[in-house]
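**Student:** Sequence:
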Amino acid sequence: SEDYGSMLLAEALLEECLKENFAKLKDSIPLTEKNEPKLSEAKQYLTNILSRGKLRPKYMTEAMLILGKLHYVEGSYRDAISMYARAGIDDLSTKDEPLYMLRLVTEAFVIKGLSLERSTNSIASRARLCEREEEVMACFETACVIAQVYLQELEKTLNNTHSRSIKGSNMTYSEFELSYFLEAALQSAYVTHLKKGNIVKGMRSLREILRTVETKATQTFKMVRGMNGRWEVLLHSLSEDCYWSPLSDPLPEFMNKEDQSYVSNLLCRRPELCTEENAYCPQDNVEEALLLLLISESMANRDAVISRAPDQRDDRAVSLRDASAVYDLLSITLGRRGQYVMLSECLERAMKFAFDEFHLWYQLALSMVACGKSAYAVSVLKECAKLRPTDPTIPLLAAKVCIGSLHWLEEGEYFAKMVIDLGEDAGESLAKGYLALGLTYSLQATDATLKGTQDELNKKALQTLERARDLAPEDHQIILYLSLQLALVRQISDAIEHLQEALQLCKDDMNSLHLLALLFSAQKHYQHALDVINMAVVEYPESF
62 SEDYGSMLLA EALLEECLKE NFAKLKDSIP LTEKNEPKLS EAKQYLTNIL SRGKLRPKYM
122 TEAMLILGKL HYVEGSYRDA ISMYARAGID DLSTKDEPLY MLRLVTEAFV IKGLSLERST
182 NSIASRARLC EREEEVMACF ETACVIAQVY LQELEKTLNN THSRSIKGSN MTYSEFELSY
242 FLEAALQSAY VTHLKKGNIV KGMRSLREIL RTVETKATQT FKMVRGMNGR WEVLLHSLSE
302 DCYWSPLSDP LPEFMNKEDQ SYVSNLLCRR PELCTEENAY CPQDNVEEAL LLLLISESMA
362 NRDAVISRAP DQRDDRAVSL RDASAVYDLL SITLGRRGQY VMLSECLERA MKFAFDEFHL
422 WYQLALSMVA CGKSAYAVSV LKECAKLRPT DPTIPLLAAK VCIGSLHWLE EGEYFAKMVI
482 DLGEDAGESL AKGYLALGLT YSLQATDATL KGTQDELNKK ALQTLERARD LAPEDHQIIL
542 YLSLQLALVR QISDAIEHLQ EALQLCKDDM NSLHLLALLF SAQKHYQHAL DVINMAVVEY
602 PESF
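Residue numbers for the sequence shown follow this note's numbering, so the first one is 62 and each next one is one higher.
By construction, these hints were calculated from the structure, which means they are not laboratory data. Some hints could be false.
Unchecked claim - Pairs of lysine-lysine, DSS-like flavour, derived with a Cα cap of 30 Å:
1. Lys115 with Lys85
2. Lys104 with Lys115
3. Lys478 with Lys512
4. Lys461 with Lys512
5. Lys568 with Lys512
6. Lys413 with Lys434
7. Lys85 with Lys256
8. Lys119 with Lys256
9. Lys115 with Lys87
10. Lys256 with Lys80
11. Lys461 with Lys443
Work out the full structure: start from the sequences and follow the hints.
**Tutor:** Below, the structure is given as structure tokens:
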């Protein structure tokens, strides 16, 4: 009983030490007994227990598994492998074993795999290296299966415990927090497959993890690690021709190239999978990526940290970073399908935690412009301009929407002047700012009812457009609009002269050809006009 108590104490000391040094563990920095008294004390307990050999065989195995883990964290990878060989983990059965034993066995397999990975430098033979790689994969795949069984059984146990306790009591999240080694057990298999280029094996492993019955412990993992890994493969590594749906088999030529499964036959327990009944099944890689991203977006929204309290700053930053990554990929994926309405709805949901976050606000504005929600887009762009007052592209886009889609000429003038007020800081956008302002004056002149007002606005439009042309003499679009303004005030010869400049810069511009035909027609040069029209129709046969 004294040795059993010492074993429990040793494990507690080791776990405390790992919790205190989580960052070092994550970066694979070995811990030393000299700097970690808890580690030293735990090692002393375990070494004494094994040297005495008084415990029952079952508990001796447990002590070996704990000591193997300790060897790994202190960087003694060969000692860890030897200890697991001594414990005989390859022959251990998980049938009817208690929960803590499932956890120990999961950790043992993943640690053995990681230790073997870090010990390959000493192998000279290529054949031996291949054997070692197969052994590593066997460890990772076995660890992944047992980890999922363990987490599902843990959830059932905790739910049963709490269902018998006081009504309304809530489970704390810490009971479900994944340890470093459990997370490694879930992801090492598919990550290693994908690194080796085994896309089929990696995708199958990842899909299986995501299809297992949900537990609280795996929710965050599935969103951040699993789903991210899967849409990356779907969008970056798998073409539409090579895609296979989750409920079908991959193409035979891919199966022949892939390695076989390495999972131990001793595993008589498998994780429960979600039922396939009434399940939606994607038909191509973009659909599957989109499904994963929408699920991730839902989870990111649900778990978003929106408190502005100073002590929540780090959690808020992590929450925002994860959500932003999902929304960026949603923008790419939905954009490929032209689903801008859905994208704008998704981004509107993000606004609850996007306070002062320019990137998300600007994404929302762009999505609203793309789906035709122009009035909303202008409101959002005003907020973007407050967040980035020195960025000329924001008021320039707002001016474009006001002038084009909404015909809000006063607002368009306001935004154009915002760009001009930036002066030289606006850079190349300054000429565009003058162009936008010139267009608003021209359109205001068209709407004006008094002749004096029309003349004044036309004069201002012409002066502003000439200023824009001086700033960007090589911009054919500015010259086109200057030519149009000259045409509107009946200076047809000057308009044609400027338009020829524009066509020299861009010979096949449709709007320039269209205006040239109109100007020839206005001067009664009908044959020239017809020649231009025939040339333009050949170039743009679909233009009504």
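**Student:** State for each hint whether it applies.
**Tutor:** Okay, the hints, checked on the actual structure:
1. Straight-line distance between C-alpha atoms of Lys115 and Lys85 comes to about 35 Å, which puts the hinted pair past the 30 Å bound.
2. Only pairs whose Cα atoms come within 30 Å are accepted, and Lys104 paired with Lys115 is accepted, the gap being roughly 17 Å.
3. Between Lys478 and Lys512 the CA atoms are separated by roughly 25 Å; this keeps the pair inside 30 Å, and the hint holds.
4. This hinted pair checks out: Lys461 and Lys512 have alpha carbons roughly 27 Å apart, not beyond 30 Å.
5. Restraint check for Lys568 and Lys512: the C-alpha separation of about 36 Å exceeds 30 Å, so the hint is violated.
6. Distance check on the hinted pair: Lys413 and Lys434 sit about 20 Å apart at the alpha-carbon level, within 30 Å; holds.
7. Proximity of Lys85 to Lys256 is assessed by CA-CA distance (about 24 Å); at most 30 Å being required, the pair is judged to hold.
8. Of the supplied pair hints, the one linking Lys119 and Lys256 is violated, its CA atoms being roughly 37 Å apart against a limit of 30 Å.
9. Our distance criterion of 30 Å between C-alpha atoms is broken by Lys115 and Lys87, whose separation comes to about 35 Å.
10. Distance restraint check for Lys256 and Lys80: the Cα-Cα separation of roughly 29 Å lies within the 30 Å cut-off, and the hinted pair is therefore satisfied.
11. Among the hinted pairs, Lys461 with Lys443 is consistent with the structure: their alpha-carbon atoms are about 13 Å apart, no more than 30 Å.
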